[in-house]
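Peer 1: Sequence:
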Amino acid sequence: MPHAYDCWTWELRTLGDLPGVRAAVRRHLADDDVRPTPPDSEAAERLVLALDELASNGLRHGRLPVGLRVCPLPDHWLVDVMDAAVGAPPSPDPGRPAGQGGYGLFVIAAYATGYGWVAEHECKHVWALLPRVVVR
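Residue numbers (the UniProt record's numbering): 1 to 136.
Distance windows between CB atoms, simulated:
1) Ala88 with Cys7: 22 to 30 angstroms
2) Arg22 with Asp75: 21 to 29 angstroms
3) Arg22 with Leu64: 17 to 25 angstroms
4) Gly87 with Asp31: 33 to 41 angstroms
5) Glu122 with Asp40: 32 to 40 angstroms
Simulated from the structure, these hints should not be mistaken for lab results.
Ideal Cβ positions, reconstructed from N, Cα and C, are used throughout, including at glycine.
Construct the complete structure from the given sequences, taking the supplied hints into account.
Peer 2: Next comes the structure, spelled out in structure tokens:
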């Protein structure tokens, strides 16, 4: 997992925590000391989608407490979701019927420049690096 600097952190208990987190991240983006980003930019939208996907997966499939860190790096954001289900690695479910979920990790793979997971001690980290600039 990449080295992180000052991060924005949350402890999540329910899916109902996510709207407030998304709003807080958008506020942080404009005030980012590393590199301010317009909160309505495509890169910011991808960041918010990625953190929402990873955090909701942690809440649905992990074990409480679930932590979320968003770390501004010079050219990327590091999104790190932590939970206590160290024996449950993340895995996409392409066989699930459309509309029933299972595609979040594919979204991460499409948008991230790097992603993965690691279990250390009693904590699993699922992380992704999202670029600050979307190149087409």
